[in-house]
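Each protein sequence line maps, in turn, to chains A and B.
Counting along the first sequence from 1, when you hit position 185 you're at 185 in this note's numbering, and nothing is skipped either side.
Counting along the second sequence from 1, when you hit position 383 you're at 383 in this note's numbering, and nothing is skipped either side.
Incorrect hints may appear among the rest.
[What the hints assert, rightly or not] One side of the interface only, derived from the structure: several residues of chain B facing chain A at Cβ under 8 Å:
#, residue
1, Asn-63
2, Val-268
3, Val-427
[Said to hold, decoys possible] Some residues of chain A that are not near chain B, with every Cβ distance over 10 Å (derived):
#, residue
4, Asp-59
5, Ser-85
6, Met-256
[Said to hold, decoys possible] Taking lysine-lysine pairs in the DSS-like style, the calculated list, with each CA pair at most 25 Å apart, reads:
#, chain 1, residue 1, chain 2, residue 2
7, B, Lys-380, A, Lys-246
8, A, Lys-246, B, Lys-265
9, B, Lys-305, A, Lys-146
10, B, Lys-330, A, Lys-246
11, A, Lys-251, B, Lys-134
12, A, Lys-251, B, Lys-232
13, B, Lys-121, A, Lys-112
14, B, Lys-232, B, Lys-330
15, B, Lys-375, A, Lys-251
16, A, Lys-251, B, Lys-9
17, A, Lys-112, A, Lys-124
18, A, Lys-251, B, Lys-121
19, A, Lys-246, B, Lys-46
20, A, Lys-253, B, Lys-375
21, A, Lys-194, B, Lys-265
22, A, Lys-251, B, Lys-46
23, B, Lys-134, A, Lys-3
24, B, Lys-380, A, Lys-199
25, B, Lys-41, A, Lys-112
26, B, Lys-134, A, Lys-253
27, A, Lys-253, B, Lys-46
28, A, Lys-246, B, Lys-41
29, B, Lys-84, B, Lys-4
30, A, Lys-146, B, Lys-380
31, B, Lys-46, A, Lys-112
Just so you know, these hints were derived from the structure itself, not from any lab.
Even glycine gets a Cβ: it sits at the ideal position worked out from N, Cα and C.
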Amino acid sequence: MKKPRLIWLQSISCNGNAHSFFNHPDLFSLLSYFNLIYHPLLESSHSLIEVLEGTLPCDILILEGSFKEEGFQKNGIEIVEVAESYAQKAEHIITVGTCASFGGVFKEADPKNISGFVFDIEEKIDRYTQYASKLIALSGCPVHPKWLSYVLMMLVKDKPIPIDEFHRPQELYGITVHTGCTRNEYFEWKVDTKGWGLKEGCLFYENGCQAPYTKGSCNKILWNDVSSKTVAGTPCFGCTEPTFPKPNLFKTKTNMGIPATMPLGVPRRAYLTLTGITKSFRIKRFEERIISYDD
Amino acid sequence: MMIKKLIEKIEGEAELDFIFNNNNKIEEVKINFGFSRGIEKILEGKYPLDALVITPRVCGICNHAHLLATVRALEDGYRNAGIKVELSDKATNIREFTLACELIQNHVKWFYLTMLPQLEKMLQIENQENHGLKASYLSSTITKALAIFSGQWPHSGYAIPGGVTCDPTYVDVIQAEGLINESIQFFEKIIAGVQIDELLSMHSVTELQKIGGDFGKLLYLLGSSGMAEVGKSHDRFIVFGECLCFKIGKSIPTQVSRINPKYVKESVQTNSFAKSVSYKGRQFEVGSLARGMISKEPIVKALHKRYKDSLLTRVFARVYEIGLLLNYSKVLLNRLDLSQPSCCLGVGVVVEEFEGIGVVEAARGSLIHKISVKKSVIEKYTIITPTQWNLSQGDEREKGIAINAMVGASTIEEATYIFRSFDICSVCTTQ
Chain A
1 MKKPRLIWLQ SISCNGNAHS FFNHPDLFSL LSYFNLIYHP LLESSHSLIE VLEGTLPCDI
61 LILEGSFKEE GFQKNGIEIV EVAESYAQKA EHIITVGTCA SFGGVFKEAD PKNISGFVFD
121 IEEKIDRYTQ YASKLIALSG CPVHPKWLSY VLMMLVKDKP IPIDEFHRPQ ELYGITVHTG
181 CTRNEYFEWK VDTKGWGLKE GCLFYENGCQ APYTKGSCNK ILWNDVSSKT VAGTPCFGCT
241 EPTFPKPNLF KTKTNMGIPA TMPLGVPRRA YLTLTGITKS FRIKRFEERI ISYDD
Chain B
1 MMIKKLIEKI EGEAELDFIF NNNNKIEEVK INFGFSRGIE KILEGKYPLD ALVITPRVCG
61 ICNHAHLLAT VRALEDGYRN AGIKVELSDK ATNIREFTLA CELIQNHVKW FYLTMLPQLE
121 KMLQIENQEN HGLKASYLSS TITKALAIFS GQWPHSGYAI PGGVTCDPTY VDVIQAEGLI
181 NESIQFFEKI IAGVQIDELL SMHSVTELQK IGGDFGKLLY LLGSSGMAEV GKSHDRFIVF
241 GECLCFKIGK SIPTQVSRIN PKYVKESVQT NSFAKSVSYK GRQFEVGSLA RGMISKEPIV
301 KALHKRYKDS LLTRVFARVY EIGLLLNYSK VLLNRLDLSQ PSCCLGVGVV VEEFEGIGVV
361 EAARGSLIHK ISVKKSVIEK YTIITPTQWN LSQGDEREKG IAINAMVGAS TIEEATYIFR
421 SFDICSVCTT Q
């Protein structure tokens, strides 16, 4: 079987996706399925200068970083043009990270001119129609290494990948980050955490956690195989969504004491009804510390 | 004669203009970075705590150092505004541990993805081994230990004014210890070829012969190819970040003295998006070599005595630091008392106006963040990265550190290798 030829091209980025993927526990057995034409960290068959000419073969194009229509060059060549020339010939395009997918953090420096490769936040840009049929978006800041390996291997096996409206694979983004969170009991019973640095309590009510309305499998496919933000007591910042980063990330926006954004798909009335019931009970176990260390 | 060259795989790219003199030696080098992402500008108008999420995105390889510099800047600012901010030993030790892990990850990638393969390439030695695999193994092992506390790597936001957000159990600590032990074994067997204790107790140059493994190979190749003594610069070092097992101060070249951050000056350079940095108008080297010199590590001092601030001393100091940090991470985990609080500040603390500075030692050297907050939002945010110190163009008085180190090289390959020995981080330099 001929190995698919892979180019990993960086636009305006922090390299976080490349480094995230570099931590994949099976990195090299995974890479053995591909002919690595270019990668920003790993030894590959061609130099960046050669890549920039836009003439190398490419079956799978991985794009990292946000795009500026004019003014982001490497060696005097516009990167968006290099990306386009490979996007045209590639069979598959994968945008890794929220920058390449939707614009991300770096969009904010020049919101008018910087966007994702085919989405500008939630809007489809002109380029969309041309590439939609071969596009997979793996948003997240950064991308999880195993989300990318899943997509790459599905492409090698030539299996279909069901996607959502933003071209994100449903198998990865069909659930919310809330799914699998170790704090789920506290969410169910509407018990707020009593401060930072506690394993008890939910971060959704005060601490800014966006997990109940953010799509992603951070708490199902753990980070670095061991943890996740919410497990470590950090609120989910909604980094897989086109709107990342929203303002005031460590504080929940509330209306009359109720979170302004509801868990995904949950009607406000249903949420309020449930909250009314759960809050009428005081459950001792949820008020206590789980572990007591004797001094 | 001038030759332009694009240097890639340095966390981005840089364009170097090499100017040769009549004796075919490099006389001058211009370092150009073509783009700035404008992170400092992006931060203006944001809520102060949001900086904890934004600044790690400066850099995919040293994001954690940026997070810790931000949290220190916020805490310094809170204190300046009269708020009492105290950290438990537990929170301090956890932060130090995660920082140490990130430094190790950086050092290992630089060693296996840059220094070893590039030297083999330059000397036309056919490589039979997969250096990338070794880098990936140790990097994923050590960042797993980091993520046990920070939730993830890269790009966590787990440090918060007053402490950390995590609340680990001893199950976590034991797992982290296991990963550190695994990393120590890898370091001893594969990288250094000697026990860590033996490496750390070395004090004379003759003892270096005991070093084996890939580190021994690199030292041998540097020595036998005549590359050991190239790459000397101003022989002046500075360390600002009070953290880990490092001491702060400046060293010219071996005379250590105190420093004050108010003498750090950042200025715009023509033709480059990178700003230059100087201390009292002079150029200083930052990074592992500087840390080794100021902390007076015996073996680093011994090498420096013989080889000055050459490529060999610089490379040695950095790989040696992996051993130092692995050892120190074990100490930190052992010290953890989980009965202490993780965070000593409440959720609702809002300070409307403050100014603060946060400094940490990142892998490549001192990282400085300055924040100024007015009416509850960030008015100005300044980031001074290690690579800015090492890559400054310099002025009429003296050339920048890396440039001075490259001057005198006879080939572009040699100069580029010297350049890479500073472990350039393109994205940090221009932000």
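Verification of the hints:
Among the interface hints, the one on Asn-63(B) holds; its C-beta lies about 7 Å from the nearest C-beta in chain A, closer than the 8 Å criterion. A distance limit of 8 Å between C-beta atoms decides the matter here; for Val-268(B) the minimum to chain A is near 17 Å, and the interface restraint is violated. Using the Cβ-Cβ criterion of 8 Å, the hint placing Val-427(B) at the interface with chain A is satisfied: the shortest such distance is roughly 6 Å. Consistency note on Asp-59(A): stated as away from chain B, and its beta-carbon is indeed over 10 Å from all of that chain's, at 22 Å minimum.
The Cβ of Ser-85(A) sits about 19 Å from the closest Cβ of chain B, beyond the 10 Å cut-off, so the non-interface label holds. Separation of Met-256(A) from chain B is adequate, the least Cβ-Cβ distance of about 18 Å exceeding the 10 Å criterion. The hinted pair formed by Lys-380(B) and Lys-246(A) meets the criterion: a straight-line CA distance of about 19 Å does not exceed 25 Å. In summary, the hint linking Lys-246(A) to Lys-265(B) is not supported, as the alpha carbons are separated by about 33 Å, beyond the 25 Å threshold.
The straight-line distance between the Cα atoms of Lys-305(B) and Lys-146(A) is roughly 48 Å, outside the 25 Å bound, and the hint therefore fails. Annotation: proposed proximity of Lys-330(B) to Lys-246(A) is violated, straight-line Cα distance about 38 Å (limit 25 Å). Between Lys-251(A) and Lys-134(B) the CA atoms are separated by roughly 41 Å; this puts the pair beyond 25 Å, and the hint is violated. The suggested pairing of Lys-251(A) with Lys-232(B) is violated, with an alpha-carbon distance near 50 Å, which exceeds 25 Å.
In summary, the hint linking Lys-121(B) to Lys-112(A) is not supported, as the alpha carbons are separated by about 44 Å, beyond the 25 Å threshold. A hinted pair counts as satisfied when its Cα atoms are at most 25 Å apart, and Lys-232(B) with Lys-330(B) does not qualify at roughly 34 Å. The hinted pair formed by Lys-375(B) and Lys-251(A) meets the criterion: a straight-line CA distance of about 17 Å does not exceed 25 Å. Restraint check for Lys-251(A) and Lys-9(B): the C-alpha separation of about 38 Å exceeds 25 Å, so the hint is violated.
For the hint linking Lys-112(A) to Lys-124(A), the alpha-carbon distance of about 14 Å falls within 25 Å, and the restraint holds. Between Lys-251(A) and Lys-121(B), the direct Cα distance comes to roughly 52 Å. Violation of the 25 Å bound is thereby established for this hinted pair. Restraint check for Lys-246(A) and Lys-46(B): satisfied, since their Cα atoms lie roughly 10 Å apart, inside the 25 Å limit. Of the supplied pair hints, the one linking Lys-253(A) and Lys-375(B) holds, its CA atoms being roughly 19 Å apart against a limit of 25 Å.
Straight-line distance between C-alpha atoms of Lys-194(A) and Lys-265(B) comes to about 43 Å, which puts the hinted pair past the 25 Å bound. A hinted pair counts as satisfied when its Cα atoms are at most 25 Å apart, and Lys-251(A) with Lys-46(B) qualifies at roughly 13 Å. Among the hinted pairs, Lys-134(B) with Lys-3(A) is consistent with the structure: their alpha-carbon atoms are about 24 Å apart, no more than 25 Å. Straight-line distance between C-alpha atoms of Lys-380(B) and Lys-199(A) comes to about 34 Å, which puts the hinted pair past the 25 Å bound.
Simply put, Lys-41(B) and Lys-112(A) have alpha-carbon atoms about 15 Å apart, close enough for the 25 Å limit, and the pair holds. The straight-line distance between the Cα atoms of Lys-134(B) and Lys-253(A) is roughly 45 Å, outside the 25 Å bound, and the hint therefore fails. For the proposed pair Lys-253(A) and Lys-46(B), the alpha carbon gap of about 15 Å is at most 25 Å, so the pair holds. This hinted pair checks out: Lys-246(A) and Lys-41(B) have alpha carbons roughly 16 Å apart, not beyond 25 Å.
For the hint pairing Lys-84(B) with Lys-4(B), the CA-to-CA distance comes to about 53 Å; that exceeds 25 Å, so the pair is violated. With a CA separation close to 38 Å, the supplied pair Lys-146(A) and Lys-380(B) exceeds the 25 Å bound. About 19 Å separates the Cα atoms of Lys-46(B) and Lys-112(A), which keeps this hinted pair within 25 Å; it holds.
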